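Chemist: Take 1 as the starting number for the sequence shown in full-length UniProt numbering and just add one per residue.
What the hints contain is simulated information worked out from the structure, not anything from laboratory work. Remember, it's a predicted structure, so these values are computed and weren't measured experimentally. No false leads were slipped in.
Okay, derived cross-link-like pairs now, DMTMM-like style, lysine to aspartate or glutamate, Cα gap no bigger than 25 Å in a straight line:
1. Lys-36 / Glu-55
2. Lys-35 / Glu-59
3. Lys-36 / Asp-25
4. Lys-35 / Asp-25
5. Lys-35 / Glu-55
6. Lys-35 / Glu-48
7. Lys-36 / Glu-48
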Amino acid sequence: MVINNGTFKEVSSKIYTMSLPMIYDRIDELLEIIKKNPEDQDLYFNSEMELSYLEALREEIE
1 MVINNGTFKE VSSKIYTMSL PMIYDRIDEL LEIIKKNPED QDLYFNSEME
51 LSYLEALREE IE
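Based on the sequences and whatever the hints tell you, model everything.
Modeler: In structure tokens, the structure reads:
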């Protein structure tokens with residue numbers, strides 16, 4: 001699931017159906033997106049918000 005220009009709200013509803021391996025994959029994807037687009041502040045902000053949420057969800061599942 002790669003959403004380059006999606007907002008956190010659009011993505012958050014899909015996260016509830018994710019398994020732990022899917023969460024890890026999405027975290028990796030987001031880190032790559034941030035690395036490739038460091039100058040895009042909106043993308044960075046949305047990715048950071050989603051990362052925070054995914055990491056909290058991952059800790060809850062583990």
